[in-house]
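S.K.: Chain residues, written in single-letter form:
Protein chains: 2
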Amino acid sequence: MKSGGLLTTLPDRVVDAIRSAIGSGPSVLHEPTFSGNEWLYLKECLDSTFVSSVGKFVDRFEDDLARFTGVKHAVAVVNGTAALHIALKLAGVKADDEVMIPALTFVATANAVTYCGATPHLVDSEVRTLGIDADKLRDYLREHTEQRAGQCVNRATGRVIRAVIPMHTFGHPVDLDGLLAAAHDYNIAVVEDAAESLGSYYHGRHTGTFGLMGTLSFNGNKTITTGGGGAILTDDAALARHAKHLTTTAKLPHAWEYRHDEIGYNYRLPNLNAALGCAQLEQLPALLASKRKLFERYQAAFAPVVGVRMVAEPEACRSNYWLQTLLLAAGQESQRDLVLKATNAAGFMTRPAWVLMHELAHFKDCPCMDLAVAESLSRRLINLPSSAGLAPVAL
Amino acid sequence: MKSGGLLTTLPDRVVDAIRSAIGSGPSVLHEPTFSGNEWLYLKECLDSTFVSSVGKFVDRFEDDLARFTGVKHAVAVVNGTAALHIALKLAGVKADDEVMIPALTFVATANAVTYCGATPHLVDSEVRTLGIDADKLRDYLREHTEQRAGQCVNRATGRVIRAVIPMHTFGHPVDLDGLLAAAHDYNIAVVEDAAESLGSYYHGRHTGTFGLMGTLSFNGNKTITTGGGGAILTDDAALARHAKHLTTTAKLPHAWEYRHDEIGYNYRLPNLNAALGCAQLEQLPALLASKRKLFERYQAAFAPVVGVRMVAEPEACRSNYWLQTLLLAAGQESQRDLVLKATNAAGFMTRPAWVLMHELAHFKDCPCMDLAVAESLSRRLINLPSSAGLAPVAL
Chain A
1 MKSGGLLTTL PDRVVDAIRS AIGSGPSVLH EPTFSGNEWL YLKECLDSTF
51 VSSVGKFVDR FEDDLARFTG VKHAVAVVNG TAALHIALKL AGVKADDEVM
101 IPALTFVATA NAVTYCGATP HLVDSEVRTL GIDADKLRDY LREHTEQRAG
151 QCVNRATGRV IRAVIPMHTF GHPVDLDGLL AAAHDYNIAV VEDAAESLGS
201 YYHGRHTGTF GLMGTLSFNG NKTITTGGGG AILTDDAALA RHAKHLTTTA
251 KLPHAWEYRH DEIGYNYRLP NLNAALGCAQ LEQLPALLAS KRKLFERYQA
301 AFAPVVGVRM VAEPEACRSN YWLQTLLLAA GQESQRDLVL KATNAAGFMT
351 RPAWVLMHEL AHFKDCPCMD LAVAESLSRR LINLPSSAGL APVAL
Chain B
1 MKSGGLLTTL PDRVVDAIRS AIGSGPSVLH EPTFSGNEWL YLKECLDSTF
51 VSSVGKFVDR FEDDLARFTG VKHAVAVVNG TAALHIALKL AGVKADDEVM
101 IPALTFVATA NAVTYCGATP HLVDSEVRTL GIDADKLRDY LREHTEQRAG
151 QCVNRATGRV IRAVIPMHTF GHPVDLDGLL AAAHDYNIAV VEDAAESLGS
201 YYHGRHTGTF GLMGTLSFNG NKTITTGGGG AILTDDAALA RHAKHLTTTA
251 KLPHAWEYRH DEIGYNYRLP NLNAALGCAQ LEQLPALLAS KRKLFERYQA
301 AFAPVVGVRM VAEPEACRSN YWLQTLLLAA GQESQRDLVL KATNAAGFMT
351 RPAWVLMHEL AHFKDCPCMD LAVAESLSRR LINLPSSAGL APVAL
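Note that the protein sequences, when read in sequence, are chains A and B.
Per the numbering used here, the very first residue in the first sequence carries number 1; after that it's consecutive.
Per the numbering used here, the very first residue in the second sequence carries number 1; after that it's consecutive.
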């Protein structure tokens, strides 16, 4: 064990700490665990011939998701991006609106805004949660917007800021109290991007259930997977009905007639993928326990390593620890790519945070506030191998 | 057997003919057949843990599709609507363009046009193919458009007509020679909507391979299914590369960096669904043989029934007979709903053609030509139970 030793480099110490936490590898960033009824349900689905947009597993997956998250309605869709697209449409986002999103997010958050014809408006993060800094957002809204006919208007562009999308980065809940209050005071709808935070709780309540709507993702790299999949969460029955309508081509119910009453989407989750989801959801408590155990191992392994620390769940929150995340100390930015190289070379798949949205050529002209914290974080964050299988727990 | 009898009503005779062709029912409109390696490949997919956007079945499914259709490149996506959306974008369709589509089509064709910010421009059908009437289209283009800087401009709206989408209705190939010539002469890109015509050939060549790009669908009601799925077909390597890039969030290849160079989409077919597709594609020749045998049975059963006929493949074409289709004789329009009621009441799931696009409230103001034939067809077409399992063939 060389961790903490002064004669080794930081990248070497990181590699050693990872090895002491999870063994010698190789380890990918995140792979799913199929140890329950996955095969049984897939087979049942195939035997029923109901593999597509209608079937008992889609309905059950929605019921199971609603029960797990404590929300009244869940609508299953093909992926998290589709969920966000429809949630934004239902929040009233239209062409030439602006939608506030963190600069530090996966590109799907920004893409979904553009699918509505709207423009992302980029917001800074706070170090504590990695998510939107609600105080900074409130100050910014006070200085840069005005209320016109009950709408929040960006004074610089003249466009309506229709919604804000807090994203729970790597599974860590954002400051929802602060954010909801600011959004309320400035008449901005809240759509939570909980793609990464299934199993994460803010003050005891599941993330994705605080805003007007929340969205989940079940991509292959998520805590549970349906191959590809997502869901919209809401307590509002009318919104849930409309979400289901829009995601199933807006077809009106009829024994044989094919009539649609608005522009709809082919976004329904296939029953085959929902079957996998039902089995995965049964495993979720064990998967969450594994990910917490894995965090504790990393936490212990990195405690003696000077210059880095593990990102832990915010106070009064419970994170799902979807992606285990290392934060380099301020001043250590130059070590990031060296650590990425050393760890990947050692067989431990690691990656930095996403390139910030305003650093992508096609989003560089989006309106934004000062993004100093997001910029600093993006140069210091490193995701570590995070699969639940690295620290198995049987419940 | 009462078929052809003068004392019974047309709806009764239709029910009798269906019963003599496929037995006593009940029969749904279309259900998939899983009789090959479906289980095996799904299990293999699960065991590999590669169920999501990366995996060997996605690559294999694309190769198999390209080989089967005789095209150079196939790009697998989440569904036929997504395939059409991306193909239109790559054909250069932009906001405020117009795209010509048949009025007689499933709503996805029109929806995909709107996702590009463009407007559907509705075209009439011919009785022979049920698809776009190429001669009528050519006459219309001559009268109503002009060429400006090499673009076809709708004189009435001033908008560019960027593309035309021939759709091979229920699997019957449209008049591609006439259509391609007209599109060529008027500088309009051709994107084939071959969602319904996997296994259908025009003059010996597979549908979906004639235009700049073609699109397929593997929804649960199609000839083969992946639960939900679709594909883009093209001979152009650069278009295929761009299609794959756009459908995988436009992420640039890199060992760890998440950088995207344009607005992308989360449209990749999951490996789980592709595994099902690989197994289904192996069964396709047998499924096509079954559907042809089923057509012949219906053809024989309906031959003596006055006032209706089965829609047969156009000359020099080979249809997949995806949906078996009855056409009421002109003058028998009032029988349609009576036939639908009688057949559904007898346990045979039947349905009319889709409500025409200009009869949907949100598309009623789209530009259109005279649509007399489509209107007549839509009042006379009835789809019959069409599952391959109704006439099993083992090859």
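Be aware that a few hints might be false.
Copies of the same chain look alike in the list, so a pair counts if it works inside one copy or between any two.
[Claimed, not checked] DSBU-like, lysine-lysine: derived pairs with alpha carbons at most 30 Å apart: (1) K136 <-> K43; (2) K136 <-> K244; (3) K89 <-> K244; (4) K56 <-> K43; (5) K89 <-> K56; (6) K94 <-> K72.
Derived from the structure by calculation, the hints contain no laboratory data.
S.K.: Now tell me if each hint is right for this structure.
M.R.: Status of the hints after comparison with the structure:
1. K136 <-> K43: neither (51 Å within a copy, 50 Å between copies)
2. K136 <-> K244: neither (36 Å within a copy, 39 Å between copies)
3. K89 <-> K244: both (13 Å within a copy, 26 Å between copies)
4. K56 <-> K43: This pair counts as both: shortest intra-copy Cα distance 13 Å, inter-copy 21 Å.
5. K89 <-> K56: Classified as within: same-chain Cα gap 27 Å, cross-chain 35 Å, threshold 30 Å.
6. K94 <-> K72: within (26 Å within a copy, 39 Å between copies)
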